[in-house]
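Colleague: Listed below are the residues making up each chain.
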Amino acid sequence: MKALEVKNIIKRFPGVLANDNINLSINKSEIYSIVGENGAGKSTLMKIIYGLYTPTSGEIYVFGKKVKINSSNDAIKLKIGMVHQEFMLIPRFSVTENIVLGHEPRKGMFFDRKVAVKEIKEISDRYGLKVDPLEKVENLPVGIQQRVEILKILRRGAEILIFDEPTAVLTPEEAEDLFKTLSFLRDSGKTIIFISHKLKEVMTISDRIAVLRRGELQGVVYKEKTNEKELARMMVGRDVVLEIPEALVKRGDTITSVRNLTVKNKRGIVGLKDVSFDVHSGEILGIAGVEGNGQSELIDALIGFIKPIGGSIFLSGKKVKLINPRNMRKRGMAYIPEDRKRRGLILPFKIKDNVIMGQHNKRPFSRNGILNDMAIESFAEKKVEEFDIRPRDIYTKAANLSGGTQQKVLLARELSINHNFILASQPTRGLDIGAMEFVYKMLIEEKKRGVAVLLVSLELSEIMGLADRILVLYEGVIIGETKPGETSEEELGLMMLGLKKKERVM
Amino acid sequence: MNNMSLLNSSLSQTMDYAAPILFAALGGVISENAGVVNIALEGIMRFAAFFGVWGAFVSGTPWIGLLWGIVIGIVIGSLHAYITVKWAGDQIVSGVAINVMSMGIITYLLELIFKTTGYSPPVPYFGSSVNRIHLVFLKDIPFLGAFSNLTILVWFAIILTVVMHFVLYRTVLGLRIRSVGENPHAAETLGINVAGIKWFAVIMGSIFAAFGGMALSLGTLSSFTNAMANGKGFIGLAAMIFGKWTPFGAMAASLLFASAQVIQLLLQVAASGFAKGIPLGFYLALPYILTIGALIGVVGRAVAPAADGVPYKKES
Ligand SMILES: Nc1ncnc2c1ncn2[C@@H]1O[C@H](COP(=O)(O)OP(=O)(O)O)[C@@H](O)[C@H]1O
Ligand SMILES: [Mg+2]
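Same order as they appear, the protein sequences are chains D and Y.
Each residue of the first sequence is one higher than the last, beginning at 3 in our numbering.
Each residue of the second sequence is one higher than the last, beginning at 460 in our numbering.
Rather than coming from a laboratory, the hints here were simulated on the basis of the structure.
DSSO-like cross-link-like pairs, simulated, lysine-lysine; straight-line CA separation at most 27 Å:
{"no.": "1", "chain 1": "Y", "residue 1": "K545", "chain 2": "D", "residue 2": "K399"}
{"no.": "2", "chain 1": "Y", "residue 1": "K703", "chain 2": "D", "residue 2": "K268"}
{"no.": "3", "chain 1": "D", "residue 1": "K343", "chain 2": "Y", "residue 2": "K772"}
{"no.": "4", "chain 1": "D", "residue 1": "K225", "chain 2": "D", "residue 2": "K202"}
{"no.": "5", "chain 1": "D", "residue 1": "K67", "chain 2": "D", "residue 2": "K81"}
{"no.": "6", "chain 1": "D", "residue 1": "K352", "chain 2": "D", "residue 2": "K332"}
{"no.": "7", "chain 1": "Y", "residue 1": "K703", "chain 2": "D", "residue 2": "K138"}
{"no.": "8", "chain 1": "D", "residue 1": "K321", "chain 2": "D", "residue 2": "K364"}
{"no.": "9", "chain 1": "D", "residue 1": "K9", "chain 2": "Y", "residue 2": "K773"}
{"no.": "10", "chain 1": "D", "residue 1": "K70", "chain 2": "D", "residue 2": "K30"}
{"no.": "11", "chain 1": "D", "residue 1": "K399", "chain 2": "D", "residue 2": "K364"}
{"no.": "12", "chain 1": "D", "residue 1": "K352", "chain 2": "Y", "residue 2": "K772"}
{"no.": "13", "chain 1": "D", "residue 1": "K79", "chain 2": "Y", "residue 2": "K545"}
{"no.": "14", "chain 1": "Y", "residue 1": "K772", "chain 2": "D", "residue 2": "K399"}
As the structure is a computational prediction, the values presented were derived from the model and not from experiment.
Work the whole structure out from these sequences, hints included.
Modeller: Right, dumping it as structure tokens:
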């Protein structure tokens, strides 16, 4: 039985054909994955099915019946539920309030909280999704918040569940839990549409996989009959080299040093203790570790957001006396933040304005405080070409770009500022393989130019592939130092969990 | 006057001063909990203060005046909702426009109808001895005595606070209003009529503010003067913030601001010695200085609804 069919769906945005004649046919009780690079049109297609976007043309059939879905209300009535890429939760509301909102149990005009809580307990037991009904959502870890989202749509009787990149925000353990839940839901008769650009995941849980590229359907394959390589080729349109090429560069002088750095984070906890290291010209120093073991404290201190309570930072060989972002930048630091939407770009600004931020007060971009649009535009045109930013239109707002493209804009900006040191914090977070490849290429090129790179990453494969040396952070201290050639992912994993130490020679 | 009746009459006067502020604050509470900032409350108070008097003048009873005031509240509220909800226009600009408009239109109407500049003739009002709510048995009890001789509008402000609390935190409607103010996109995906809720909240809030205007012109006084609202709408918004966007918080803040007003009057009377040399302007400014002081003390901790003031547009 077909749960959902879409026929000849076209969706056109000004300047972009986001969905170009898509045809899909999804069976009941299957996990159907849709993969594609950032910007391939996956979310757009899902939003159409969920009634948030109106398609330019095309038809939708739900359980064999032709339907018009004009609002999420319509979708809910048709038993379609969606867990959005950005959660649709109200942080200040309790779990219960979030789940029942819009369909509240009542006693007269009053909201019947008791019945609501009881109901939540029941469904959470039925599907094995444990939550505390009375807890405020803002106090929950992301994995549990996602559970709340799932419960929300299950309570509304959803038979077709859409997950838009659900693992992007999860830790690996949380992702494992989610996969178990998805299989359980499938086995109890639900239909799952799973969006991702992580091929490993898709190969783990799907029954069938559809591949999108630039708005077009490239094909639908059974999981058993395909492999990651083939999927990658369909996604990107060419062979993808997932391996990172070795780049041997003679390491030069020390560019950046950190001595006995101790940092108290915003919650008042000393998150980084007595950390010292050097980064040399032509070297990528990797910082490995499980999230929350001092990485954010290290980064915030290095970029100057937090004044360390002890220790010192040396940039370009000189001690930085007054630690703030302006001084760090002045001494040659480029910064690639992990959260490009919050710390990276100014989303409502156009590409052209984003790429000159930070240099906006310098010639030729401005003179005596007056911006020189001509210089800005010709600079932006050049960068869009150089970094292959699509669309080429420099007047597009950053907010309307896909994640991969946003990252390219960010790189274009940071790498054109005069720098000899790059602080890269999870530079490929949320990116698809095409964009990842691009970031790796850029970092290696920078290294070859003699730039010093500090790479903080949660992805072991990334660190093993890129770094020349690796430091492992555990509970705010460096628990060991090693080199990719002298260690394995297993050993690194043990060090990250604090189960193994390695002496350092400094 | 003995001490007890001074206490009771001061308290009663405080409530009288607090009522207009509280009405405006409650108007702000409901509107901003649905995510719409309404600084037009000031202008709406002025409009309603005038229309209430006009209605009472024409009919000879303040009740008809009340009705006129409510109607003008709905009309102006609808205008604000039309601009800010229907067209997702800027909420501050719309509010300022309505406030400025209220000045011009009312000055014109005063001349047209009453042939006066800046004030209206006296009309029957809720503050007259016959129209007040007399609870004689409370008269001589400390504190409670303050409630023995209030206007119906003050009572209504008190009742409205309680009702608003229950509506916001105990009813389905309240949950939905708050959800719209926190995250309208999430509410929309759950099938909640975001625009409908916002329209409702803005108009209800405007009606409350209209009551606030009439608490001045048909409650405390019995006529309209052009200086009537005199920033009470804005102080109401300050009370809303100070009260953290909750009805009871707004009530406490309104009482605090009003008591500053009353204390100021008492101080003026009691001033002796060197205090006599302090200019009158200082006493008049005292409540506002206290307001600012109170806000500085609390504003860091004040938490507005997450999507307060953000125009909401449905995705297309
Ligand atoms: N609201 C919108 N307005 C304009 N363009 C959009 C909008 N939403 C998405 N797009 C564009 O449509 C394309 C597909 O985006 P999307 O569906 O989000 O991709 P994916 O989810 O596969 O990463 C992108 O080029 C994106 O920039
Ligand atoms: Mg997407």
